[in-house]
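Got two chains here, separate frames each, mind docking them using the hints?
Chain residues, written in single-letter form:
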Amino acid sequence: MHMIWFTILFMLFTFALILATYLTYMSQTVYLSFNIFSLWNVDMNVSFYLDFMSLWFTVVVLLISSVVMVYSYFYMAPYTKSVYFLWLTNLFILSMLIVINMSNLFFLMLGWDGLGLISFFLIVYYQNQSSITSGMFTLLMNRIGDSFFLVTIMVFFYSSPVLSMHTSLKPSLLMVVLMVLTFMTKSAIYPFSPWLPLAMAAPTPISALVHSSTLVTAGLYLMMRYSYLLYSSYYLMKLLLILSLFTSFYAGMNSIFEKDMKKLIALSTLSHLGFIGMAFSVGLLHLSFFHLLTHALFKSLLFMTMGDIMINLNHAQDIRYLSSGMAYTPMSCTIMYVSLLNLLGIPNMSGYFSKDLVLEMMNYSNVSFVVIFMMFLNVFFTYYYTYQLFFYSFQPIKVFPYQIFHAPMLLHTLCLFIMMASTLVFGFFYLSHISYMLVYLPVPMAVKVIPPVLNLLVFSMLYLNGKMFTSNSPLLNFYFSNMMFLSNVMMTTSSNLYYNMSFMLVKSTEMGLLNFYLNGFT
Amino acid sequence: MGSSTSQYILTFTESWTQPNVVPSVVDKPKHDPLEGFESGRQERVRKATDEDLYWAKIPPNRRDYCADHLIEYQRCRKLNYPFLSECEHYKHEWDHCQNEDTISRMKEFERERRLLKRDERKRLSEETAME
Numbered sequence: 000m001h002m003i004w005f006t007i008l009f010m011l012f013t014f015a016l017i018l019a020t021y022l023t024y025m026s027q028t029v030y031l032s033f034n035i036f037s038l039w040n041v042d043m044n045v046s047f048y049l050d051f052m053s054l055w056f057t058v059v060v061l062l063i064s065s066v067v068m069v070y071s072y073f074y075m076a077p078y079t080k081s082v083y084f085l086w087l088t089n090l091f092i093l094s095m096l097i098v099i100n101m102s103n104l105f106f107l108m109l110g111w112d113g114l115g116l117i118s119f120f121l122i123v124y125y126q127n128q129s130s131i132t133s134g135m136f137t138l139l140m141n142r143i144g145d146s147f148f149l150v151t152i153m154v155f156f157y158s159s160p161v162l163s164m165h166t167s168l169k170p171s172l173l174m175v176v177l178m179v180l181t182f183m184t185k186s187a188i189y190p191f192s193p194w195l196p197l198a199m200a201a202p203t204p205i206s207a208l209v210h211s212s213t214l215v216t217a218g219l220y221l222m223m224r225y226s227y228l229l230y231s232s233y234y235l236m237k238l239l240l241i242l243s244l245f246t247s248f249y250a251g252m253n254s255i256f257e258k259d260m261k262k263l264i265a266l267s268t269l270s271h272l273g274f275i276g277m278a279f280s281v282g283l284l285h286l287s288f289f290h291l292l293t294h295a296l297f298k299s300l301l302f303m304t305m306g307d308i309m310i311n312l313n314h315a316q317d318i319r320y321l322s323s324g325m326a327y328t329p330m331s332c333t334i335m336y337v338s339l340l341n342l343l344g345i346p347n348m349s350g351y352f353s354k355d356l357v358l359e360m361m362n363y364s365n366v367s368f369v370v371i372f373m374m375f376l377n378v379f380f381t382y383y384y385t386y387q388l389f390f391y392s393f394q395p396i397k398v399f400p401y402q403i404f405h406a407p408m409l410l411h412t413l414c415l416f417i418m419m420a421s422t423l424v425f426g427f428f429y430l431s432h433i434s435y436m437l438v439y440l441p442v443p444m445a446v447k448v449i450p451p452v453l454n455l456l457v458f459s460m461l462y463l464n465g466k467m468f469t470s471n472s473p474l475l476n477f478y479f480s481n482m483m484f485l486s487n488v489m490m491t492t493s494s495n496l497y498y499n500m501s502f503m504l505v506k507s508t509e510m511g512l513l514n515f516y517l518n519g520f521t
Numbered sequence: 000m001g002s003s004t005s006q007y008i009l010t011f012t013e014s015w016t017q018p019n020v021v022p023s024v025v026d027k028p029k030h031d032p033l034e035g036f037e038s039g040r041q042e043r044v045r046k047a048t049d050e051d052l053y054w055a056k057i058p059p060n061r062r063d064y065c066a067d068h069l070i071e072y073q074r075c076r077k078l079n080y081p082f083l084s085e086c087e088h089y090k091h092e093w094d095h096c097q098n099e100d101t102i103s104r105m106k107e108f109e110r111e112r113r114l115l116k117r118d119e120r121k122r123l124s125e126e127t128a129m130e
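Each protein sequence line maps, in turn, to chains A and B.
Heads up: the first sequence begins at 0 in numbering that gives the first Met the number 0, then just goes up one per residue.
Heads up: the second sequence begins at 0 in numbering that gives the first Met the number 0, then just goes up one per residue.
Calculated directly from the structure, the hints in this document are not laboratory data.
No experiment lies behind these values; they were computed from the predicted model shown.
Do not rely on the hints blindly, as some may be mistaken.
[To be verified] Covered by chain A, per the in silico footprint, the following chain B stretches (three or more residues, Cβ under 8 Å):
#1 76–82
#2 86–99
#3 111–125
Glycine included, C-beta positions come from ideal geometry on N, C-alpha and C.
The shape of chain B in the complex, shown without the other chains (with noise of 0.2 Å):
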């Protein structure tokens, strides 16, 4: 997450000049998911089972945690094929857990750039300090 495009001109070199503060699309993050949080989080529930999914016939890239309201959608497409324009509201619903989830992913990312950003400052203080 994180193109270039999305971020600021300032930001984009981070990855040559500072590559320890850039997360890893790759790997696991560094950090504890609830490092800083003394109350805990809310745990992200699926709703729909995977029995759910399965007579869906919801391919496995679709099967996330917006997939409830996908199989909502795909019920009223069959229901009312073709015309798909009574869909509408179902398909804005799924549009809309999408996004939100792709806001909270780009939060995490950033959570944990920022996390980074924050151990390498206290390494480089700590290095001055034994200089």
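Pulled out of the complex, with its shape left as it was, chain A reads as follows (with noise of 0.2 Å):
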């Protein structure tokens, strides 16, 4: 069956890239409309748009996808529940197109409420007290994002009742701002964040999918859609920015201390979410979505990738014992290094050419040197992670007594090879083809070789002092290994706001007052 639905989606992804090649080259758009019922001057379509946004990302989503399709096969084949995985992962990625190419608000929130329910059921899938936690957690936040939503679409209609994308409305500032907040809590921007490296209790092939290319992006490219309304808010967008630099410092404070591989890997996709909400809240919509089809490419690639390791450790997840994982799976091993140099930025990677990209351009926006300072510290920890990856996978191999050894098989390993191949052809071809009107300005020599310097710091540090620059501070790892207890805060608020809510709701309305006006007059 797997193989049957990555056929499926291999075709659509195929048919998807010739469409976008197509459109991109002819500068068109196709819009599809089909009329549901009018009412008076309300009308319900289901349309789609289709332009070069919509459609690359679709590319993007089902190359990934498909590859997934194939890999979960491997990696789940010891759980008899697949065709359940495969309904749910199915049904996920239809929520995810869905929400990529409508246009109406409407029909789109059926989408985006199906990706909040369906990676609920997806990371409770091992069924145990940790995922069911973590899916709880995620499942309240994402609610919270839809509740807005449904604000937002009231808000809309009021204006415009044919809540299409494409109105010609003047937004009022509470519709901006409820906007922001619905995509902010699905994309894990501060103080929306802890939910995302809790998820990691789903199985890799679900965090390859969903937790690093099509979840956790589908809020900041539905910013990206609705830019037209969201940038007529200057100061809201100074408040996003300020917001998406502290979710990439938080994530990158956490990645320090943190030593699950899972959850190191799920705060480097918040650091890099925050990069991509920085780059659109200053004005870079192009590059940030430039930035978020090759962080979808290489971070499904590092999650892949380090799944087969974790098969090798009997899903231990701990990144002292990477090295171990890795003397089994060598071919693994070299294209996970593939995907850490996208993240460190090497030259003609695509990581390098959207990413760097980015922090030229931003000399040329009118921010502060605070703004400037904190996204080269947020750099600093992104090559400070990926080099404790380097790390520890050179380190002596020690054998565990639990190790077991997986052949890994041709096909699998083929999947990875597309992926490889996707992140080092991605970027160019971005670039030249489709992205063609990025106007290259020109920086100073001193801007130009931070990213460099930095990389070269973090490098010399690692090799000259021989182990990693921790704390030893027991209150530092207490403190930064519970995600500075923000967890904890939301996971509080939030269930018990919603307990106490529905139990004073129920008090009141069921067995209050319609049990007095139902029952009560004797």
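Here it is in structure tokens:
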């Protein structure tokens, strides 16, 4: 069944690629609208808007989905509920495609809600205590966003009953604020960040598909789609800039003290989401979209190669066992290094093209020195945790008693090769063929050399020191390992809030007013 | 314009210490563009017409003073797709025009900043003279 779905998804990917290339070459868009019903001035249309943004994101999502289908066949083989897994994964992909291509807000909400709900079922797939806690937290965080979305639709409907993306209405501050709050919850911008590292309780193929490239980027993608509304509020974009920067900083600080491989990559994803949010809030719309795509590709590749290594450790996720896991999978190890080189921004990789362009173009924005400093500090953190992965992979190999050797299959490795080739080729292809109208402005030499100098600095710290520069303070370790306790605060707030509100609602309405009026006259 | 990293270390604090001398990036310049130019200035002319831009499908944010080069670049791309290395010359011309435009905008910003600094110096000297 996995192979059938891989074939379907790969065919869809090929079709989307051809359509995307053609429409980009012709500078055209396709607008498909099906009228479901119309009542007075309200038209409910299922409308698809296929422009270069939606199509290229569709291409990337379908590529990752098809590769994850094959990957999950080998990864999830010991588990007997694979049909249930396939249903959930395919429903998720369908929801994501709805969110990407739909231009009507009402039907987009169907996809949006579907993303949150299905990601919950995927996180609790293993059905143990930690996964149910993580799943409930993810669900509650996503529901907060869904409730903001509902109110957004209400406010939008008041001005434009058609609920279409293409509207000439002047956005009110309330609408814009609600929209940004909605998209922030899904994309884990501070303070809605803690659910993402906790969602690593999901199986690794789900982390590769959902938590690196699709679910978390849905919010940022919709921000880019509705940028013409969001850019009207100068101060809101400034606030988004600060929150995005802090999200990156928060993820970076926590990653220094993190020893769980999957959580480390989740924090890396969080850092990049903050980076994309920062680039978007400053006005670099096309560059932030470019980084969203390249990040999706190399991050999902990193998750998949990490999963290969973890299989050999009986699913142990400690980073200190990395070298032992890699001893039996040299090919996955090499492919992981390619993904890490993208993270480092080595020239001519996709990560270099997208990330370094943003770093350079930030010099032409009216932001303060503090923003630039924080941005380069976040880049420093990126280099730091990437070199941590390199470092632990070169440690002496120890064989553990519970270690099991899984022979990698040819098709499985071939999929990873496809992803690796896409990370190597996509950046250059996108810049030259798709986004050719980008303006390359000169930057001072001092600014141009900051990323490679930081890179060499972290590398030399590692090489000369011989061990990683982490704190031995138990207090700092406790604080940062628990994600600055934000997850505890948000969990308590969200669960208590919902519990108390639902209790009051039931007590006052169902058992109170309704009971009185229906039964209370006697 | 004039991000902190493009300025020298001593000048980046001006936005806090002397806000009157920092040109606004939101509002129009306070000084007349022809101030100090007795013989006038050469007017910039956009060579591409609105009709050319419409039929070439140039996006609104790229309809600037370099749009004529962009139209040529786009025409070359469409004729030579996918062999885009044939169009490097047109791309370089457009890039060069954009860089020249950026440098001229930086110079306008710097001119506005120096005029504001001169006004501030005059104001301070008048206040000192009154005291």
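Status of the hints after comparison with the structure:
1. With 4 residues having a Cβ less than 8 Å from any Cβ of chain A, the region 76–82 of chain B passes the three-residue criterion, so the hint holds.
2. Evaluation of the coverage hint for the region 86–99 of chain B: fulfilled, as 4 residues show C-beta separations to chain A shorter than 8 Å, against a requirement of three.
3. Against chain A, the region 111–125 of chain B contributes 0 residues with a C-beta closer than 8 Å to a partner C-beta. That does not satisfy the three-residue criterion, and the hint is violated.
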